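K.L.:
Once you've looked at the hints, dock chain B against the given chain A.
Taken in sequence, the protein lines are chains A and B.
The working numbering applies: residue 1 is where the first sequence begins, and numbers increase by one.
The working numbering applies: residue 1 is where the second sequence begins, and numbers increase by one.
A couple of the hints might just be wrong.
Copies of the same chain look alike in the list, so a pair counts if it works inside one copy or between any two.
[To be verified] Quick list of in silico lysine to any residue cross-link-like pairs, SDA-like style, CA-CA up to 20 Å:
1) LYS630 <-> LEU404
2) LYS318 <-> LEU130
3) LYS674 <-> GLU688
4) LYS134 <-> VAL644
5) LYS138 <-> ARG681
6) LYS81 <-> SER735
7) LYS318 <-> HIS340
8) LYS679 <-> LYS692
9) LYS81 <-> ASN593
10) LYS128 <-> ASP591
11) LYS630 <-> GLU714
12) LYS367 <-> VAL356
13) LYS673 <-> GLU714
14) LYS81 <-> LEU601
15) LYS81 <-> HIS787
16) LYS673 <-> SER143
17) LYS318 <-> THR516
Calculated from the structure, these hints are not laboratory results.
Just so it is clear, the structure is predicted and the values come from calculations on it, not from any experiment.
2 protein chains.
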Amino acid sequence: MSTSTDQCLFEWEFGESTKMNDDKMEEVEREEEIDPESNPVNEPLLKRNRTLSSNPLALIGEKVSYIESLDYEINENDLFKDDWRSRSRVQVLQYIFLKWLLAFLVGLLTGIIATLINLAIENIAGYKLLAVLKYIHKERYLSGFLYFTSINFILTFVAAILCVCFAPTAAGPGIPEIKAYLNGVDTPNMFGATTLIVKIIGSIGAVSAGLDLGKEGPLVHIGSCIASLLGQGGPDNYRIKWRWLRYFNNDRDRRDLITCGSSSGVCAAFRAPVGGVLFALEEVATWWRSALLWRTFFSTAVVVVVLRAFIEICHSGKCGLFGEGGLIMFDVSNVTVRYHVMDIVIVVVIGIIGGVLGSLYNHVLHKILRLYNLINQKGKIHKLLLSLAVALFTSMCQYGLPFLAKCTPCDSSIPESACPTNGRSGNFKQFNCPPGFYNDLATLLLTTNDDAVRNIFSTNTPQEYQPMSLLIFFVLYCILGLITFGIAVPSGLFLPIILMGSGYGRLLGFYMGPHTNIDQGLFAVLGAASLMAGSMRMTVSLCVIFLELTNNLLLLPITMIVLLIAKTVGDSFNPSIYEIILHLKGLPFMDANPEPWMRNLTVGELVDVKPSVVTLHGIEKVSTIVDVLKNTTHNGFPVLDDGVVVPPVVGHANGATELHGLVLRAHLIQALKKKWFFKERRRTMDWEVREKFTWVELAEREGSIEGVAVTSEEMEMFVDLHPLTNTTPFTVLESMSVAKAMILFRQVGLRHLLVVPKYQASGVSPVIGILTRQDLLAHNILTVFPHLAKSKSRGKRN
Amino acid sequence: MSTSTDQCLFEWEFGESTKMNDDKMEEVEREEEIDPESNPVNEPLLKRNRTLSSNPLALIGEKVSYIESLDYEINENDLFKDDWRSRSRVQVLQYIFLKWLLAFLVGLLTGIIATLINLAIENIAGYKLLAVLKYIHKERYLSGFLYFTSINFILTFVAAILCVCFAPTAAGPGIPEIKAYLNGVDTPNMFGATTLIVKIIGSIGAVSAGLDLGKEGPLVHIGSCIASLLGQGGPDNYRIKWRWLRYFNNDRDRRDLITCGSSSGVCAAFRAPVGGVLFALEEVATWWRSALLWRTFFSTAVVVVVLRAFIEICHSGKCGLFGEGGLIMFDVSNVTVRYHVMDIVIVVVIGIIGGVLGSLYNHVLHKILRLYNLINQKGKIHKLLLSLAVALFTSMCQYGLPFLAKCTPCDSSIPESACPTNGRSGNFKQFNCPPGFYNDLATLLLTTNDDAVRNIFSTNTPQEYQPMSLLIFFVLYCILGLITFGIAVPSGLFLPIILMGSGYGRLLGFYMGPHTNIDQGLFAVLGAASLMAGSMRMTVSLCVIFLELTNNLLLLPITMIVLLIAKTVGDSFNPSIYEIILHLKGLPFMDANPEPWMRNLTVGELVDVKPSVVTLHGIEKVSTIVDVLKNTTHNGFPVLDDGVVVPPVVGHANGATELHGLVLRAHLIQALKKKWFFKERRRTMDWEVREKFTWVELAEREGSIEGVAVTSEEMEMFVDLHPLTNTTPFTVLESMSVAKAMILFRQVGLRHLLVVPKYQASGVSPVIGILTRQDLLAHNILTVFPHLAKSKSRGKRN
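Just chain A, with the same shape it has in the complex:
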């Protein structure tokens, strides 16, 4: 991405004008610096005239929110150690058991809710389509159109009004926000009960309305919401305050649960348990442990068992129009795959086209999302109108375009009951055709999205679709895929891309047909896979998801090749769609690989351009703490002790300064709230702290300085910060390169990284700065050190 397209959405809303000026200034300065003589590569020029800024706002769903970092690091203060030591073996086992129980419940509930969503969609959309087909059968085309459009309009209206008025965070897929959450960014209102309910109802409405969007992304979000709500014991206002459940009310355990939830969601969406785990691993999660891999796997196993049980129940016809189809969504296992070396060429071509189309899609979608954002920020009514306009356009196209297609006579080898059909599903829709003929475009358009995929994937039917119909289908879904995604309803990206890709794949298959013995249905599958890889840039998880979707293991080698090529081609143009959205939303996501130029910058240089660090004393006056909390926005403060006697083992010096650790803003507020005050400057005993605080309370992130009342008498008292201080913060020397600091920050999952001097002498402060997530983002660093950008194009070494 170029720098000009790099700016975040929220900048349009909050800081457009200043940003523009900044950019112009940078331009001028950059030109001045480019003289190579005056700027030897060895000594990066410091630009101390600017300070490293950070923007604490991001777009969560459709709502601009204040974001902060999560505490994934274990806060090893005295209380934690006490608490940990006091847990008995039984309690530890109870904790482990509860963790597994929660993973089980996440799988169970996600499976049930996913089935209910499916059931609702299949029934609403099914009866709608049946009614429309009845009108058409009676040749009452206008009534059919009005009926179809108005039902879709109402369904979209319900979905959109809920999202706009009650839970703006429920709009969109939710996957970028979950990705950011698991990367360590708190995303407020993302996992609440309202969001969950709106997401479920909105998703049913939007998908039943025939909009070009999937329920896959929303299901991932739903799974994560369930996990988060279970972990904290219910919605914010009505929590179960059971002691053991409160142990999960910390960022680390919630992260694990949400990972389980997201993979359960993918599993429920595609009925792909292994694919779900791998998707969470490859795309969503940032940190991964084998214990987590295993628990995630357990959740998805539960989901599959639930889905299977429901399928068994519904087979007997108790679920209305729902109940057809087994665990495999788009089965193509009836094709025997025998391909030869020549076919590899075709496969490569599919991959390349998929990569190009995928990156083109990313590019255009990026533009459209920025445009939509300008519309959306004008107010709720604009958001609503935009959604309804898209719904109207979609309905019109889906209903009107099939009239353009010619009627095709049914193949005599197909039984009469299968062609033509007037039912809800079916591969050969009669639509407006005479008996014995079918309308191939209606088969693809006037149906649910899932059925459309099933129809276009259908194998051993080489003559089913005319190229003109496929072309119309492809172009229509390209347009719909671009204009639908940004509207204010819960929407997934998977299905639109699969529809687009299968369209172009089958079209390609039609023309390649004479030169190959790959089935046209497989062409559609490969086209879909290539476009997914070209846009989303996943490999292993997509491969397994496609394997589990289509149940044809022999397809594996060619799927792998298509995915690899499409990803490679796509990567050479632009980043993946999720990365683009993350950036657009302004979420401070930490990449796995540092930029190459980060090796030329030390953290010392980075700290120099930040406001100087605010430290506290081990035993601090209340007034100072209140002052510091009110006048800064920092969330962590180093705690220093002056005049300490150094033990003889370490060295021979008195009056040293000791870096005791780091105390969090949340804990300082707790101390103020609980009036942990003493008249005299003294260090407290262990039991005193334990009487006042519990570790569980400290792990919760609540409260702000505004809610704390301190009398002027108390202001003169002292607080002993030692027991509340995390005595084991991670530190780096000032000479550390930013690249390595970033690796440390991301790999260990930090919130604050202390920078300590490389010098050892009296009078030197033992801590010279603190780095946070925002300070280590390439984008932020480049605003202060723009000359580093010139090496930006060098490409990452990995």
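P.N.:
Using the frame of chain A, we list chain B on its own:
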């Protein structure tokens, strides 16, 4: 594992007696300490009377070797930065291209060699079996026995003599050593050309000899050898010295290549591309990046294409007895899986039994491996005799036991050509039976291991095996699986466990048959899966491997449940078999999760019980360097500068001590070898260093202090260490807990971790210790702080 079984194999060889004394001392001391009053939980007792020891020896294959750590951290010294900056865009692209080319070649060669091994085994074993069956058909049973036994004896002899005399590192599976390598432990002679050749020939010999071992583990090792050899440009003596290839001659790039190699090996072994990637991810590799995931995936895709091409070629009968079977090794896709809630109970039972049997297997194998080691250390001849004895026993059982089985009449529904058969493979072997009858035990025993698995997995043949035959099969393979693994031939663990597990699974299926509609073949599959999970403790990768082996996606949910239960049950008894072997071999493997008691210990306390750190000055006398190198075994030395003027930004102090960084032993030796000496104490210029050293040279790990000659005149000169020093070492404060230090060490992939004081004062050394891998191993720490062990049983929190 209890402490008494915790000791490493090499201790028997090198330090048995002293260790025993240590243990007794510990016993005594521990009893003294247990008084709870005198030992409050808050203050862990320091035991400064001992020093933290580390054992630099481990068993690689069958050879005791000196091990050291690998440099996975980027050594950011001036030379690296220069080199990195001087690379042009074209060069970077060339580097990336070469990386992909190497991944391609790894896949290609692994695929070809795997096919050749298969071809050789199928032909040797096939013709051997055909000849034996001919003898039996003529009722010349004794001649048949002699022929069978002597051929097996010769084949084993070839395999064993090669391993014993030429490449002891080729014995065993190799997976534990690869695991250790990717964890950061250098394993000498593990990836050489001799090892590769011996492993290939030995594997062919051992598997053709009908020993109860697989070619899966060896194939992983073969893939890794190929990767390593390709990366360094050929065998040690005949390397290609192409400049670009030399860029790969560093530990980081080699690690990536070996990861590709190991997953290619698994893929080639099971024809399971996704399973291969996941196996490498879940079991073998320690660090993982998405770029690597992708490259690994590419390698396995190449392997599959190669395998498929060979299968196409061999279908026409050009490959002798090889060529039957497609990409799916043990196809059970012809079974329609319909299971009900009741079947879940049965599945749970299989899982539980699998877990118990698996951990029992681990336990007994552990004992036998220790016994074998006592035999093996007596000399080469003993190793050889042990292997031959096992081969003799195996042959006798395989030939003799089928005579115990009764002949079964062929089912009339099976065509006559299929029952009975006298061919090499076939599900109903005639053996000693009259026409129209078959010997079910001969079907299982007198065949290759792959065919045995295929036969016992055979579906829709509920009456094929008698319970007595299955019992004999199961018991025999339990014994063989235990006694075969430790002998001095290349041997894999997968197939023995699959054979054992399928035996018990099918037996269970026989008795459960009336109560369920799960096919007996599926029982065998599930039994095999459960035993694998019970012994190896993998979940996701095993699940995908079984999916790819059997090509039945509908089996997935029950396979998942079986695997999860078996792993859970197994984990409650003992660690996984690979962990046990790693420990037995004395490889210092760093676990992902720290032990809970590590939170109670600070790195400062750990450093206190180590010999004090040896530091060097930025400009150091040659004699000092030579002294230090000769008299210590350290591989890294902190570099300090005294009397530095502190910049005003940092503080107000003169005469500070500056921690410049860390210099590696290898680089000091290079400096001595290249005579990087100066008459006066001065800092050098950039160009001077660049003339003398290249970064590529420094990345290679070669040379020892013994090979360096320094004259007495040179001894008085000075070396400027600044340009060779890694200026960005990772550091922790002395107050850091060992748990967090270990997480940092493992997550970032360190070799040395500097401990810096938390005090800031003149006279305090800026570095108070160095921690290495060995210092952070739980096992080593507990020898110094034995009282911490009492909280050992608390269970890890994860």
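K.L.:
All the hints need checking, so say for each whether the structure fits it.
P.N.:
Checked hints:
1. LYS630 <-> LEU404: For LYS630 and LEU404, neither the intra-copy (67 Å) nor the inter-copy (88 Å) Cα distance is at most 20 Å.
2. LYS318 <-> LEU130: Answer is within: at 18 Å inside a copy they meet the 20 Å cutoff, but 59 Å across does not.
3. LYS674 <-> GLU688: Within. Shortest intra-copy distance 13 Å satisfies the 20 Å Cα cut-off; inter-copy 63 Å does not.
4. LYS134 <-> VAL644: Answer is neither: 88 Å inside a copy and 90 Å across each miss the 20 Å cutoff.
5. LYS138 <-> ARG681: Result: close neither inside a copy nor across copies, 91 Å intra and 101 Å inter.
6. LYS81 <-> SER735: between (32 Å within a copy, 14 Å between copies)
7. LYS318 <-> HIS340: Only across copies: LYS318 and HIS340 sit 18 Å apart there, 47 Å inside one copy, limit 20 Å.
8. LYS679 <-> LYS692: For LYS679 and LYS692, the Cα distance is within 20 Å only inside one copy (17 Å; across copies 66 Å).
9. LYS81 <-> ASN593: So LYS81 and ASN593 pass the 20 Å test across copies only (17 Å; inside, 34 Å).
10. LYS128 <-> ASP591: Intra 45 Å, inter 57 Å, cutoff 20 Å: neither.
11. LYS630 <-> GLU714: So LYS630 and GLU714 pass the 20 Å test inside one copy only (16 Å; across, 63 Å).
12. LYS367 <-> VAL356: within (17 Å within a copy, 58 Å between copies)
13. LYS673 <-> GLU714: within (12 Å within a copy, 69 Å between copies)
14. LYS81 <-> LEU601: Between copies only: 11 Å across chains, 37 Å inside a chain, cut-off 20 Å.
15. LYS81 <-> HIS787: between (46 Å within a copy, 17 Å between copies)
16. LYS673 <-> SER143: For LYS673 and SER143, the Cα distance exceeds 20 Å both inside one copy (66 Å) and across copies (92 Å).
17. LYS318 <-> THR516: neither (44 Å within a copy, 26 Å between copies)
Hint check: violations occur at hints 1, 4, 5, 10, 16 and 17; the rest are consistent with the structure.
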